[in-house]
Amino acid sequence: KAGVTQTPRYLIKTRGQQVTLSCSPISGHRSVSWYQQTPGQGLQFLFEYFSETQRNKGNFPGRFSGRQFSNSRSEMNVSTLELGDSALYLCASSPGQHPETQYFGPGTRLLVL
Amino acid sequence: DQQVKQNSPSLSVQEGRISILNCDYTNSMFDYFLWYKKYPAEGPTFLISISSIKDKNEDGRFTVFLNKSAKHLSLHIVPSQPGDSAVYFCAASARGSGGSNYKLTFGKGTLLTVNP
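Quick note, the sequences are listed as chains G and X, same order.
Per the numbering used here, the first sequence starts with residue 1, numbered consecutively.
Per the numbering used here, the second sequence starts with residue 1001, numbered consecutively.
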């Protein structure tokens, strides 16, 4: 089975712009979660989607949003980018029932200038 | 409030010896625990997991121990190899309603260096 794929792998944006990141889960997985990794805060949960519905959301401002499509692919969007949004954004997929293992993609490295 | 803590930022061991990575948690609702290995600029790779109904799980060179009364888990790697050098993250998920069981809470990680 192919693993989780994320596009693009690297991205450079300027403050105030918006960005959309994409994630394709492992075939058959219906849950997609997003995490942000920064040196200071570590890995922090953004949100989780299952069957096109957001089931859980972390403590991030409303500038961070996401969605999931009927084929389980997911996108996350960050509007009005700030310098502090520079991070590695990770997507993880799982079948969708607790307890279970989440499998991560390679991440998208976002740099905001 | 950090619910999952890895108090050792780094650990150095000799090749062939045992590596022991530790993790403490505070949330008594956590019932599933995982260890991931991560290289820079890559996504975490799943290593091993354990359910709260067990106190030990083994997979090859990797063993995870869970002490529920102490809210402590550890990952043992025996024997350690230079290729094991990476950052290791402990993560936990909780039972419950309202979506709380659909996310992983991570520790800050421990950098393991295995010297040849």
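Read the hints as simulated data drawn from the structure, not as lab findings.
Among the hints, a few may not be true.
To be verified - Mimicking PhoX-like on lysine-lysine, the simulated pairs with C-alpha atoms at most 25 Å apart in a straight line are:
id: 1; chain 1: X; residue 1: K1108; chain 2: G; residue 2: K57
id: 2; chain 1: X; residue 1: K1056; chain 2: G; residue 2: K57
id: 3; chain 1: X; residue 1: K1056; chain 2: X; residue 2: K1068
As the list claims (entries may be wrong) - So, partial list: chain X residues that the calculated Cβ filter (under 8 Å) puts toward chain G:
id: 4; residue: Y1032
id: 5; residue: A1041
id: 6; residue: P1044
id: 7; residue: F1046
id: 8; residue: D1055
id: 9; residue: E1058
id: 10; residue: G1060
id: 11; residue: F1062
id: 12; residue: F1065
id: 13; residue: R1095
id: 14; residue: K1103
id: 15; residue: T1113
id: 16; residue: N1115
id: 17; residue: P1116
Here a beta-carbon is modelled for each residue, glycine too, at the ideal position from N, C-alpha and C.
| query | Which earlier hints can't be squared with this structure? | reply | Of the numbered hints given earlier, those the structure breaks are 2, 8, 9, 10, 11, 12, 15, 16 and 17, listed in rising order.
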